[in-house]
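There are 2 protein chains.
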Amino acid sequence: MTLLPTLGPPPPVLPIALQGVRVLVFDIFGTVVDWRGSLVREGLALQQRLGLAADWPALADAWRAGYRPAMARVARGEQPWATIDQLHRQILDGLLPQFGLAGLPEAELDQLNRAWHRLAPWPDSVAGLARLRTRYVTSTLSNGNMALLVNLSKQAGLPWDCVLSAELIGRYKPDLAVYTGAARLLGWAPEQLMLVAAHPSDLAAAQLAGLRTAYIPRPAECGPGGPMEAVGDTVFDTVAADLGELATQLGIA
Amino acid sequence: MTLLPTLGPPPPVLPIALQGVRVLVFDIFGTVVDWRGSLVREGLALQQRLGLAADWPALADAWRAGYRPAMARVARGEQPWATIDQLHRQILDGLLPQFGLAGLPEAELDQLNRAWHRLAPWPDSVAGLARLRTRYVTSTLSNGNMALLVNLSKQAGLPWDCVLSAELIGRYKPDLAVYTGAARLLGWAPEQLMLVAAHPSDLAAAQLAGLRTAYIPRPAECGPGGPMEAVGDTVFDTVAADLGELATQLGIA
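Protein chains in written order, with this note's numbering: chain W, 2 to 254; chain G, 2 to 254.
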């Protein structure tokens, strides 16, 4: 008598658009890590250590709100190339007076600016990425600079095959050169890459550049009841609630 | 009665030059992977599959011998920037007639050229790198292009915090810009990086660029009794027989 192995459910048949995907590239801020919750925790720790008080959720929101305008100034050539570390510090310096933090010593400001190197992952990120990496080449594809991404990934235990940053291309997302540059560096055609991101505008640009797209809504990104970027009329190749569900959708046990 | 914990030997006191090191960057071909043994195995497998014969050790040696001259042509501006994949293919194409391989179909040649994406690690590499990564930021710093390094690392299970290539700088080692560029991208001063390499010329250039240096002699790199690059008069910050011994020297259990 032949003993048949126990059979699990058959692997899903992937939609044709996803069958050729070999590489998953990930947006980081908001998609893989919780920047707002992490910044608030860093602020509260600073507050306790130095005996000061500030509205840390409001500071986190204002800091992040300065991010796209700062990159846009670089993209328009109004400011020479600057890393996200430098742009974050520029934005922070502008916010210090209104948050009562103008008296912080330089070493504390530098440490606070580097809170972006210590952002914590969403609860599903580490395990989800580890599963996805068993089947795909995985890489960051973030506007964060290399030093920030490497430090953040090491601290959070994010398992990547590669760390790629817009810094390597010298343009910021959503410039299409960032997406096509990642494909070129990794040695695949754009349609063999899929961008995994929580922001429809990032995904729409990746799609224009020829990449496949996976939308991971992160309703908690901007805090309880906070805003989410409108989806618009982009049709994504797939949508998943988190990185674990994405792995399951892609047939990874 | 107080129970004392069992005490192991005290951790070594690192030489002052090494105390400030935060990042280890690694040469790859010959230092972390055995290019010659891997190419010979690939050749023998091809031989068996296609029923042909060639002197694979001699081909491996000739292929590698073309590597530095090819990069030097790019450095002198005699040839526009080309990746190592492209240079490897150029060299291979030139060697095919003398090794009786001129008739190989294009798909086989492409596959053979990509043998460099599948090089096997030395026996100590994976475990040694894993130990070193517990204490240091670790990265490749190779002339191999990003696609090659990412594929090779994934296949061999090499654990990195980051994959960096000369391709990102647009110059080849031993151009000092490659070493200082790696420090800049990772956000550290040159003297906070240590290059780990099997080739004294690579280490000498890194030292000129301000990096610390760890020499890992790999007497088997060019085959049994094969040549090793002369050490010259460079004084390295440390010398270790393999990556495990380097970890032990650096006080990592």
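Misleading hints may appear alongside valid ones.
Treat identical chains as interchangeable: a pair holds within one or across any two.
Stated by the list, open to error - 25 angstroms max Cα-Cα, derived SDA-like pairs, lysine to any residue:
| id | residue 1 | residue 2 |
| --- | --- | --- |
| 1 | K155 | Q250 |
| 2 | K155 | P225 |
| 3 | K155 | A221 |
| 4 | K155 | R132 |
| 5 | K155 | Q20 |
| 6 | K155 | I170 |
| 7 | K155 | G104 |
| 8 | K155 | D111 |
| 9 | K155 | A59 |
| 10 | K155 | D86 |
| 11 | K155 | Q80 |
| 12 | K155 | R136 |
| 13 | K155 | E79 |
| 14 | K155 | Y137 |
| 15 | K155 | V127 |
| 16 | K155 | A131 |
| 17 | K155 | R74 |
| 18 | K155 | G233 |
Derived from the structure by calculation, the hints contain no laboratory data.
Here is how each hint holds up against the structure:
1. K155 to Q250: Between copies, since 23 angstroms is at most 25 angstroms while 27 angstroms is not.
2. K155 to P225: Neither way: K155 and P225 sit 28 angstroms apart in one copy and 39 angstroms across, limit 25 angstroms.
3. K155 to A221: within (24 angstroms within a copy, 33 angstroms between copies)
4. K155 to R132: Both ways: K155 and R132 sit 18 angstroms apart in one copy and 14 angstroms across, limit 25 angstroms.
5. K155 to Q20: between (31 angstroms within a copy, 20 angstroms between copies)
6. K155 to I170: both (23 angstroms within a copy, 23 angstroms between copies)
7. K155 to G104: neither (31 angstroms within a copy, 48 angstroms between copies)
8. K155 to D111: Cα proximity of K155 and D111: one copy only (19 angstroms, versus 35 angstroms across).
9. K155 to A59: The answer is neither: 28 angstroms in one copy and 42 angstroms across copies each exceed 25 angstroms.
10. K155 to D86: Only inside one copy: K155 and D86 sit 17 angstroms apart there, 29 angstroms across copies, limit 25 angstroms.
11. K155 to Q80: For K155 and Q80, the Cα distance exceeds 25 angstroms both inside one copy (31 angstroms) and across copies (38 angstroms).
12. K155 to R136: Cα proximity of K155 and R136: in one copy and across copies (21 angstroms, 11 angstroms).
13. K155 to E79: Close neither inside one copy (34 angstroms) nor across copies (40 angstroms); limit 25 angstroms.
14. K155 to Y137: This pair counts as both: shortest intra-copy Cα distance 20 angstroms, inter-copy 10 angstroms.
15. K155 to V127: both (11 angstroms within a copy, 18 angstroms between copies)
16. K155 to A131: Result: close both inside a copy and across copies, 14 angstroms intra and 13 angstroms inter.
17. K155 to R74: Answer is neither: 30 angstroms inside a copy and 38 angstroms across each miss the 25 angstroms cutoff.
18. K155 to G233: neither (35 angstroms within a copy, 37 angstroms between copies)
Comparing the model with each numbered hint stated earlier shows that hints 2, 7, 9, 11, 13, 17 and 18 do not hold.
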